[in-house]
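Those sequence lines, one after another, are chains A and B. Under this note's numbering, think of the first position of the first sequence as 1145, with each following residue one higher. Under this note's numbering, think of the first position of the second sequence as 2, with each following residue one higher.
Everything labelled a hint here was simulated from the structure, so no lab data went into it. Computed from a prediction, not measured in an experiment: that's the story for all the values here. Hints are supplied without guarantee of correctness; some may be wrong.
[As the list claims (entries may be wrong)] Covered stretches of chain B (in silico footprint by chain A; criterion: 3 or more residues with CB under 8 Å from a CB of chain A, positions within the stretch not fixed): (1) 52–66; (2) 69–75; (3) 98–110.
[Unchecked claim] One side only, chain A facing chain B, incomplete, derived with CB under 10 Å: (4) M1145; (5) A1169; (6) R1273; (7) T1274; (8) K1313; (9) E1317; (10) I1327; (11) T1378.
Built from N, CA and C at the ideal position, the CB exists for glycine as well.
These are the residues of each chain, in order.
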Amino acid sequence: MLAHFFESFGFSTVLVGFVKEHIQAIKPPRALWLDFPMGRPLGIPNNPEYQKKIIRTAFEIFNETSGPILKDFPDVIPVKNGRMGYALPVELVIDQNEIGDIDTLVEEVKVEMENLKLDYDKAVNFRGRTTVGASEVLMNDYVNFISSFVKGEIPQSTRKGIGPVPLLKLVVEDLQAYYTETITFRDKIDDFEKIGTWFWEETKAGRLILCLEAVSLKSENRVLRQIVDMSLITPRFWSEGPLPGTSGSSW
Amino acid sequence: MVLIPDMPAVGRGFISRLEKYTFDNLSWTQPKETKSRRVSIVSTAAISKRGDKPFSWLANNHRVIDKNNLDLVMTHVAVEYDRTAWQQDLNTILPIDRLEEMAREGEIGSVSNEHYSFIGSSDPMKMERSAKEVAERMKMDAVDTVFLVPV
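With these hints in hand, go ahead and build the complete structure from the sequences.
Here you go:
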């Protein structure tokens, strides 16, 4: 859609995209379909030649004299069972009465974070950047902030103009990014299925967020219930379903 | 090959139901010569400078990314796509370094001073006003070519 706008404003445009049927329906002037998992339109991290191959293939479409034109990028980055991203196993749902002692879990997550800190710092130093910090909550406060919701409280937002629940979502993503930035550097892996399995199924931080999901699904706070019901906290979008709680009725 | 029917049930259902707008009059702007193109990137990854206001979940507005400040964060509402690639390398979603290299190698003319970000979960039909604002900034920067990169 944005392609149509910019083309009508006098710019020549080309887009890359993942959902072929949508590109075929919307008919942007020039498009390159990528048979890739979502989230990596330039394909492979830290591979400049491969990234430029994608750009060059897209820009070759500028040589066409009329459109709309949709071309297929010849390479495929394979995915598992049509999943365009990691999906939690459908059976991995924590019930509220299975949460146990939340204070013990909180301490375990803090220890886990501390154990990753050296490699996280190395990763940041090596890359010269971090994506952690969108929430602007202090890293040392992530776990306590999340655990407040698990205990049924709605803490005050520490960020002006952003409510506690939207801030919670950003804190959850910051916590996850802290872990995944570290593991991709430390273990030299670039496989979202493996990374997702590790974070969500093996770490204490993943369990804390699954506990948050369990509590939120029964929360009286409508916004909190809704974001969990829409799988905006836990990655269940690529699930075969059924989803936990209200079965994803918000979708 | 992953097409919508190949996707698992939850994602397949959601993506199938998304509105697919069509246009009666398709615009076509003739591209400039390859070596004189000035290229800007428009991302729908909801990335922005650290400290910018996060994207709201249905935002129709945009954020400006200055090529000299690439300390970026992501505030996209969706969690269904892989974020680990951009965590490792910004160029997987915003290929500024690659375009700069191509400009130095003479494959394109130049790269814009600014790039732009929207949130892909929002209704694109409501982004036209913001897209016009972006277009004005691009014209001030002599941009003629837009590379659209979703996540």
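Hint by hint, here is what the structure shows:
1. 52–66: holds (count 5)
2. 69–75: With 5 residues closer than 8 Å to chain A, the segment 69–75 of chain B meets the three-residue bar; holds.
3. 98–110: Answer holds; 7 residues pass the 8 Å Cβ test.
4. M1145: 3 Å, holds
5. A1169: Result: holds, 4 Å to nearest chain B Cβ.
6. R1273: 6 Å, holds
7. T1274: 8 Å, holds
8. K1313: This hint holds: K1313/A lies near chain B, its Cβ roughly 8 Å from the closest one there, short of 10 Å.
9. E1317: Since chain B brings a Cβ to about 8 Å from E1317/A, closer than 10 Å, the hint holds.
10. I1327: 9 Å, holds
11. T1378: 8 Å, holds
Checked against the numbered hints given earlier, this structure breaks none of them.
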